[in-house]
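**Student:** Sequence:
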Amino acid sequence: MRSLWEKIQEIEQNLTTVGRGADPWMQYYVYRYRDTIRKTYQMLPLDLQDEEDYYLESLLREGQEMCLQIRKREEEMTGKRTDLRAIHKELMEMCYKPDVELLQELGDKLKCEHFIQQRGQQSAHEAAGRSAEAEVPARRPGRAFGRRGVAVRRCPGLPGSPSGKHRWEPDVAARGAGPPAPARPPGSGRTRAGCGTPAGAASCSCA
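Residue 175 is where the sequence shown starts when you use our numbering, and the numbers rise one by one after that.
By construction, these hints were calculated from the structure, which means they are not laboratory data. Keep in mind that the hints are not guaranteed to be accurate.
Said to hold, decoys possible - Listed below are the simulated DSS-like cross-link pairs for lysine-lysine, each with C-alpha atoms no more than 25 Å apart in a straight line:
| no. | residue 1 | residue 2 |
| --- | --- | --- |
| 1 | K181 | K213 |
| 2 | K246 | K181 |
| 3 | K263 | K181 |
| 4 | K254 | K181 |
Claimed, not checked - Simulated DEER-style distance windows between Cβ atoms:
| no. | residue 1 | residue 2 | range |
| --- | --- | --- | --- |
| 5 | L233 | M268 | 50 to 56 Å |
| 6 | Q292 | Q187 | 49 to 55 Å |
| 7 | D209 | E184 | 49 to 55 Å |
| 8 | E184 | D224 | 31 to 37 Å |
| 9 | Q183 | E231 | 39 to 45 Å |
Since this is a predicted model, take the numbers as computed values, not measurements. For each residue, glycine too, the CB sits at the ideal point set by N, CA and C.
Could you put the whole structure together from the sequences, leaning on the hints where they help?
**Tutor:** So, in structure tokens, the structure goes:
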């Protein structure tokens with residue numbers, strides 16, 4: 175805290191020096207040097223008056239830029255001094271606080287951090303549970319799948335087989351209708367020997 179106070183005093187001293195040195199610097203350096211330039215060019219030919227004006231304008235422009243930089247630096251040091259004073263005041267108030275109050279504030283901060291950590295862990299567990307539920311495939315009740323992926327359906331009303339296992343039947347509707355039986359061409363049925371009349375006919379016109 176002592177070093178902080180010393181820094182504040184140093185900044186105030188610099189501000190005092192800079193504040194008093196900006197305008198006198200302009201008066202001493204710029205204006206006095208301008209008079210020196212004019213006296214020097216008065217002893218030279220008149221053809222060099224344009225050069226004299228150029229040097230004077232350059233000198234004034236340089237002096238104004240230097241003054242702007244000094245004022246900007248002064249504003250920066252003023253802001254820094256204000257910040258350091260605020261920090262010093264806060265430290266002084268903290269030093270005069272009783273230890274019980276400081277410990278209570280520290281405990282409140284620790285409780286708040288612990289609560290935030292618990293909420294974060296709980297949210298992570300809930301998100302993991304939802305993702306695990308989404309990965310489980312949905313299955314229709316009363317239907318099972320064999321080793322080859324064929325869907326079979328259990329008949330709950332039928333008794334068990336003699337081997338003691340449940341009776342299962344293929345779910346034909348799930349697999350779709352099988353290929354139709356090939357149609358028998360006309361005349362391909364069984365006929366009697368020696369004629370083309372089918373075996374189921376009543377009579378034969380063969381001689």
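**Student:** Mind checking the hinted window 49 to 55 Å against the Cβ distance between D209 and E184?
**Tutor:** With a Cβ separation near 36 Å, D209 and E184 fall outside 49 to 55 Å, so the hint is violated.
**Student:** Lying within 39 to 45 Å: is that true of the beta-carbon distance Q183 to E231?
**Tutor:** holds, 41 Å
**Student:** Just to be careful, I want the Cα atoms of K254 and K181 compared with a cutoff of 25 Å; is the pair within it?
**Tutor:** holds, 10 Å
**Student:** Holds or violated: are the alpha carbons of K181 and K213 at most 25 Å from each other?
**Tutor:** Given that 25 Å is the threshold and the Cα spacing comes to 46 Å, the pair is violated.
**Student:** Run the distance test for K246 versus K181: straight-line Cα separation, threshold 25 Å.
**Tutor:** holds, 20 Å
**Student:** Do the beta carbons of Q292 and Q187 sit within 49 to 55 Å of each other?
**Tutor:** Once the Cβ atoms are compared, 52 Å apart, the range 49 to 55 Å for Q187 and Q292 holds.
**Student:** Please check whether E184 and D224 have a Cβ separation lying inside 31 to 37 Å.
**Tutor:** violated, 48 Å
**Student:** Honestly, do L233 and M268 meet the 50 to 56 Å range at C-beta?
**Tutor:** Taking Cβ atoms as reference, L233 and M268 lie about 53 Å apart, which means the hint holds.
**Student:** For K263 and K181, compute the direct alpha-carbon distance and say whether it is at most 25 Å.
**Tutor:** holds, 14 Å
Violated hints, in rising order: 1, 7 and 8; the structure is consistent with all others.
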